[in-house]
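> Dock chain B against chain A, hints included.
Chain order of the listed sequences is A and B. One point on numbering: in our numbering, the residue at position 116 of the first sequence is 116, and numbering is uninterrupted. One point on numbering: in our numbering, the residue at position 151 of the second sequence is 151, and numbering is uninterrupted.
Not one of these hints is a red herring.
Heads up, the list lumps identical chains together, so a pair's fine if it works in one copy or across two of them.
Cross-link-like lysine to any residue pairs, in silico, SDA-like; alpha carbons within 25 Å at most:
| # | residue 1 | residue 2 |
| --- | --- | --- |
| 1 | Lys-23 | Thr-106 |
| 2 | Lys-23 | Ile-91 |
| 3 | Lys-23 | Arg-185 |
| 4 | Lys-99 | Tyr-86 |
Because the hints were derived from the structure by calculation, they are not lab data.
Residues per chain, in single letters:
There are 2 protein chains.
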Amino acid sequence: MKAGQLEAAEALELNPPAQGLKKWMSMVDFALRIVAAIGTLGSAIAMATTNETLPFFTQFLQFRAQYNDLPSFTFFVIANGVVCGYLVLSIPLSIFHIKRPELTITRIILIIFDTAMMALLTAGGSAAAAIVYLAHNGNSSANWFAICQQFSSFCERITGSLIGSFGATLALILLIIISAVVISRH
Amino acid sequence: MKAGQLEAAEALELNPPAQGLKKWMSMVDFALRIVAAIGTLGSAIAMATTNETLPFFTQFLQFRAQYNDLPSFTFFVIANGVVCGYLVLSIPLSIFHIKRPELTITRIILIIFDTAMMALLTAGGSAAAAIVYLAHNGNSSANWFAICQQFSSFCERITGSLIGSFGATLALILLIIISAVVISRH
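Chain A on its own, in the form it takes in the complex:
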């Protein structure tokens, strides 16, 4: 009886409730990284592979739209690619955290990189969003005309590709907060 109680106490010490919570949060961290990696990969591919050539042409206007016509879209593809690569590389560390939830130093390293990557992804996403908005609505003050009337399928594609990127940004915000909460409980 006494020995059993001792064993239970020992088990509790090795795996207290806080440790269980940390393990559970590490699993959420792992899942969020996979979701964010898929989101950024999808966005980068959707943006990079889009192009539309109109079936008519004139002497003065170019009727072919591609993502690298606009520097903001190129930046968007690069940012999503870099963040996707980082997320894939961080997954092994995330799995390691599920096994060893008490580690702190590696979580700090992850927070630093997560924050930098979040800034990069947000910058890419919103620069592209600003141009997408302009493509849809144009701007009369600057005499910039909406190009979406001509390039409707191109515009649909680039608008859709923003979703994955902003979803991944949200996932990265959650990742930073989760890491901070886990670190505070050691």
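Here is chain B on its own, set in the frame of chain A:
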């Protein structure tokens, strides 16, 4: 002699080296918040007060440039204003952290808001940057012409106003990392 040693040990326990480091980092946190608040305030004011009317006009073109002609610039001003307001409100908490460096829960709250505000500020800054780039260089594929040849003083002003915003973004990244490091050392 013995009493002196005891007192020294007691003082060390009340104020160990880690506590000193935390206090020092809390001061850096405080300084960064002030720098970021000034940066965002300056950016918001610089962008919001800029307008240029050209001394000539035709029937077809509008020759007056203002920040709210472009929705991205309006978003930039709002984002900078909101983040500046948040930073000013967070300063009392930051001062409180200098006095009580061992607090954790309030630091977690600050990390959550700092991360959200960092995302908002980065989004505003890079959306504006995308449009500023377009204003400087135009885009031949989309038939968007550079407007900076006409509105040179307007363009100088909006380009300059990005600096404060990106400086503040950098300060917020550092704030998140500092908070995470301080939390890990309790």
